[in-house]
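*Asks:* Kindly produce the complete structure, drawing on both the sequences and the hints.
These protein sequences, in sequence, are chains A and B. Number 605 marks the last residue of the first sequence (the working numbering); no jumps. Number 1356 marks the last residue of the second sequence (the working numbering); no jumps.
Since the hints were derived computationally from the structure, they do not count as laboratory data. Any given hint could be a false lead.
As the list claims (entries may be wrong) - Now the in silico label distances, taken between C-beta atoms and shown as ranges:
#	chain 1	residue 1	chain 2	residue 2	range
1	A	L224	B	T1037	18 to 26 Å
2	A	V25	B	M1181	28 to 36 Å
3	B	N1035	A	K71	13 to 21 Å
4	A	I40	B	S1193	26 to 34 Å
5	A	E233	B	N1035	27 to 35 Å
6	A	R48	B	N1035	27 to 35 Å
Predicted, not measured: the structure shown is a model, and the values here were computed from it. Just so you know, even glycine gets a beta-carbon here, dropped at the ideal spot from N, CA and C.
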Amino acid sequence: MYPNRKKLSAAYIKKATSVSAVILVIIFLGIFAAFWNIQIVNYEYFRRLAIQNITRSIDLPAPRGLIVDSKRAVLSENKINFTLYLVRENVVDMEKTMRLASFFSAKKNDALRAIIAKYKKYPQFYRIPIKTNLARSTVIFIESRQEEFPEFVIGVEPTRTYPLENCAANVLGYISEITEAELNSPERHEYSLGDFIGRSGIEKQFESYLKGVKGSQVVIKDNLEKIQKVESEIKPLIGATVVLTLDLELQKFVEGLFVDQNGAAGVVDLRTGGILAMVSKPDYNPEIFSQEMEREQWLALSNDPRKPLQNKFLQGIYSPGSVFKIIMALVGLQEKIISPATVVHCSGSQDFYGREFHCWNLSGHGTMDIFSALQNSCNIFFYNLGKRLDIDTIARYARMMGLGNESGIDMPNENKGLVPGSAWKMKTFGQRWFPGETISVAIGHGSLNVTPVQLLKMIATVALRGRMPSLHLLQRIERQGKKIVEFPPAFTRVPIAVENFQVVIDGLFRCVNNGGTGGSAAIAGLDICGKTGTSQIIAKENPNYKTLTKEKRFMPNSWFVSFAPKDNPRVAMVVLVENGGDAGASAAPLAARIYKKYFENERLF
Amino acid sequence: MKDYFKYFDKLTFILLIVLALTGILLIYSAGFSLNETNYLKQAAWLLVALAVFFIVFSLKIDFVFRNASAVYLLLLFILALQILAGHISAGTKSWFRLGAVGMQFSEFIKIPLALLLAKILARYPLLDGKVFFELIALIALPVALIILQPDLGVSFILCSFIPTIILLKKVRPLILVSSLMLAMLCGLVGWNSLLKDYQKNRIISFLNPSKYKTSIGYQIIQSKIAIGSGGLSGKGYLKGSQSQYQFLPARRTDFIVSVIGEEMGFINIAILFFIFFVVFYRQFKFNFQNDEEFYFIYLFNGLILFQFLVNVTMAMGFFPVLGIPLPFVSYGGSSLLSFFVGEAIIFRIKINNYLT
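*Replies:* Here's what the structure looks like:
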């Protein structure tokens, strides 16, 4: 057909054919070798990488245990919370991601970068919590457009909530995120960054029971971090339920009594030593700590001169004032310095060691024995008693009755207060103790400092005629309905004779019921025994100085310690009203209302 | 007619069909997790390609060679128009779409170009400078237009004609050196003016794999993981985690080898490659009646081999990811059609030898 168009020589064609065959063989052998190398020789390596690609181990946070009152009313529980996480591995354009993160979280760029920087040592796929309590609309927005921003993942997790808001805030305490420094300590090895930990109150005290056991999940996920299936799961174990001795109804009632006053109050069940109510005012809503708190909000709370974050019942330091006369009476009787027959004449003032000391009643009480001295809170009687005692004996009894040391209640960060003595004076000021100082201490002034809980323990011991209860808030801890820890009532004997307590109790009864200083606490039919205390404060040292009006600034703190009934006592309580002025007019009436409420509830009245 | 059937290279034809059917199977797997129906489109394209195959097969070889330059010019014209339209408005480009089916005209130019080059090579026993640069110009024109499309892959594949020509013909060293320098110059100019940033990134990232998921470097890593984790017998059809959980990019086109590697393992990869080997071997070994047929077959087979090699080494991370499909297997109707047209011409050339 085309006779002249074939010019290529047979040799050339043969060469072309064989060269192309050789090239083919080389190419295919090369490719086979390459695939052999990757699929057979290095199979294990790539298999592992492929599994790494699709599997993720996710920590499942354990819900914290509940905190409930003695009647199982919930004080602290968990609610659903949406957290926004950032997965650095999936970031395409960091600038864009930061813009989005800032938009979703309403946080500034610097704040976000600081969060991310904390996780520098964690692997790229680690989920960094950017924002908790994400608004539901934001959750829907992100989830519906997940493919556009695979670097963001939404987690559904429990978060701490306090359904009664400020109620019992200082008892319950709060939780907040663990810090990096804490994570480095060995006892925190169970925690990881982003976990929460109890910071105060019951949340801190029973952290190890409340926190529960984390679970974990191995999931199969695709390239867009979308979970395809759950491979295996270890369910998280909810923390144990902490049952408190608190009676929520009484707690609320006592809190309601402090309308625009600050202070503290506590009620103890004398049969068990369990605290029925513990109030510290002002308070705060602990839930703000479970969420992300603005710096300003934190500063406002922590710098508030009224100290809302302080549990004043355990941590507030006050002069006991006349309440200390109870201990003075016990010392005098036990040391046989005085007897029920001892009398002292009060003319309104008396000279001790060259200095004139006054009674609060400047016109004088007349002739006083121990009963009327307690009834009228006569200073002159106790000055004379103090003069006949040395400070170290007083200190010994004060400690015996629970002052100068932690009460041992099951709460963290208790304050010790101060019981002065000669050794303390020498150590602190390098001076010997002057007898004149003992005169001040005898009416509860001077360097003497107490916390409300110490006075509650003291008055409870008096009520029980020397049986000192172990004060506690914990009734029991339950895990899955089974009791794992219980606080059995525990009492210790104070080495003071029962009849001496009986004398003091008679005095305290007269104080309330026979026209004494505590008369405004009296309730007909209820044998309330109590003692008022009005402790002078030096105005400028008063933490409330700036927030109070001029008249109130110089008002003394008011105490009322009491128990009822006189025989077979059921409850004891301490009420402290900061800057309350005359105790008989401010603290005692509050106590009366608490008794009424308590005994009405118990149908004992 | 009986003779046609007798001398028709039935084995090679069946192997090509097997490759295309394997492709459809893999495209189905590649789109399985996302419920894509591309495999149906590809099956339709295969039917079209087979019909066109027999039409072209029935044409006289002379006729085919005679009309090569006209088709070449027509395609250049269309490519130029496409670029112009693209400049006027992005929307008008759709004018070139035939109905709902997108046509990639750049894929077709390799047929008339190979025919034209073969004709010139047959006409001149020796390649002097003038003829050599004429050949280069014929290649460079569509290459430039296709880069502007922009389609880096196809234009790169067209360049494979140059080494084939150099292997087939004696070229004076001076011409070789000067053309090499010219190519480098063109490359430099092209790099700085023609190539877009993302195209440059594709080339650079091959040298610098990255951990970021959208980068080409990450794609290469994922492709290697897919192939390597397939092992000897694979994870099972539709069961590859890399393929089904979207770790593997461009599964139905550039990285289709990785899909078979992961899901069907080394054994099936080896079978697939052996099929390719047999096809190439049979197509390189033949008798012919005139020189232009010889040159065409070498040029066109060279191109398929080159494309095969680039695609496979790309999936292994030995070559930049340029967007080059695996011949006969990867998704893409225009590519499948153009390869079957080229094969039809080869089949016709081979049969002519027996019939006359």
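*Asks:* All the hints need checking, so say for each whether the structure fits it.
*Replies:* Outcome of the hint check:
1. In this structure the hint that A:L224 and B:T1037 lie 18 to 26 Å apart at CB holds, the actual value being about 21 Å.
2. Separated by about 33 Å at the C-beta atoms, A:V25 and B:M1181 satisfy the suggested range of 28 to 36 Å.
3. Distance hint check for B:N1035 and A:K71: the Cβ-Cβ separation is about 57 Å, which falls outside the suggested range of 13 to 21 Å.
4. Roughly 45 Å separates the CB atoms of A:I40 and B:S1193, a value that falls outside the hinted 26 to 34 Å.
5. For the pair A:E233 and B:N1035, the supplied restraint of 27 to 35 Å holds, since their beta-carbon distance comes to about 28 Å.
6. Between A:R48 and B:N1035 the beta carbons are some 30 Å apart, a value that agrees with the proposed interval 27 to 35 Å.
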